[in-house]
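> Using the sequences plus the hints, can you model the full thing?
In my numbering, the protein residues as written are 1 to 246.
The set of hints was computed from the structure by calculation and includes no laboratory data. C-beta: ideal position from N, C-alpha, C; glycine also. There could be a bad hint or two in this list.
Okay, the calculated beta carbon distance ranges per label pair [as the list claims (entries may be wrong)]: (1) S144 <-> R21: 20 to 28 Å; (2) K23 <-> R113: 15 to 23 Å; (3) F131 <-> A109: 18 to 26 Å; (4) D162 <-> K23: 26 to 34 Å; (5) R113 <-> E188: 41 to 49 Å; (6) A75 <-> E214: 36 to 44 Å; (7) G93 <-> E44: 41 to 49 Å.
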Amino acid sequence: MAGHSKWANIQHRKGRQDAVRSKLFSKLAKEITVAAKMGDPDPEKNPRLRLAVKEAKAKSVPKDVIERAINKASAQDGENYEEIRYEGYGPAGVAVIVEAMTDNKNRTASTVRSTFTKSGGNLAETGAVSFMFERKGLVAYPASVGDADTVFEAAIEAGAEDVESTEDGHEIYCEFTDLNEVSNALEEKLGESESSKLIWKPTTTTELDLEGAEKLMRLISALEDDDDVQTVTANFEISDEIMEQL
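Given below as structure tokens:
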């Protein structure tokens, strides 16, 4: 199972849902504002905005919050966010990619660097670890949408590259440039997705023991608690036995 899926499961078990939900709404709203500011405020004419709105709806962000985020893009006094990617190493040499949107690069860089250091990791140069990942589009569906063969057939017809089906659900991967088209095609075949977004997919992973897993979880959690951070991706693997102990 991919790192981001395991991390979602761990969060769920730890019962941080209310805090996580509030942070998630804020981060999704920020992505909507930036997408609307960079292109057309009409989601039908702006693929990035359409995906951002779709993801927000899938995560139950209220309609008025979505509309406010779009309107904020045209406000003259609105914040100007800049997209930045940080790369570094966490405990046990796990590669970590942090994507942020900030109105103050110095503040964000300082916080991210400090978080890595406190958690036994270190921030590296851009490009230091991203070669261990592929930029992909990910469309996620619940297991109830159909069996593995049904979803695989729909995915290939929609232009996707690969499908990973487990008892938890289906993860459909495509070229990052095709995400909007593949997501739309899948929606016609399988209905509304649980998630539709760009991700960093690890091409190589690091197996963690219990101590390493606990340290990495603390690092990821601390990074995600930063309001400037949008996503955190790491190339780790954790066995089911260790998952049970976290």
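> Please check whether R113 and E188 have a Cβ separation lying inside 41 to 49 Å.
holds, 45 Å
> Given the hint of 15 to 23 Å, check if K23 and R113 actually sit that far apart at their C-beta atoms.
Hint holds: Cβ distance 21 Å, inside 15 to 23 Å.
> Please test the hint of 36 to 44 Å on the beta carbon pair from A75 and E214.
Given range 36 to 44 Å: holds, Cβ gap about 43 Å.
> Just to be sure I understand the hint, the distance between the Cβ atoms of S144 and R21 should be within 20 to 28 Å; is that true here?
holds, 22 Å
> Could you check the hint for me, namely that D162 and K23 are 26 to 34 Å apart, CB to CB?
Roughly 30 Å apart at Cβ, these two residues keep to the hinted range, so it holds.
> Starting from the hint 18 to 26 Å, judge whether the C-beta atoms of F131 and A109 obey it.
holds, 21 Å
> Look at the Cβ atoms of G93 and E44 and judge whether their distance stays inside 41 to 49 Å.
holds, 45 Å
Consistency note: the structure conflicts with none of the earlier hints.
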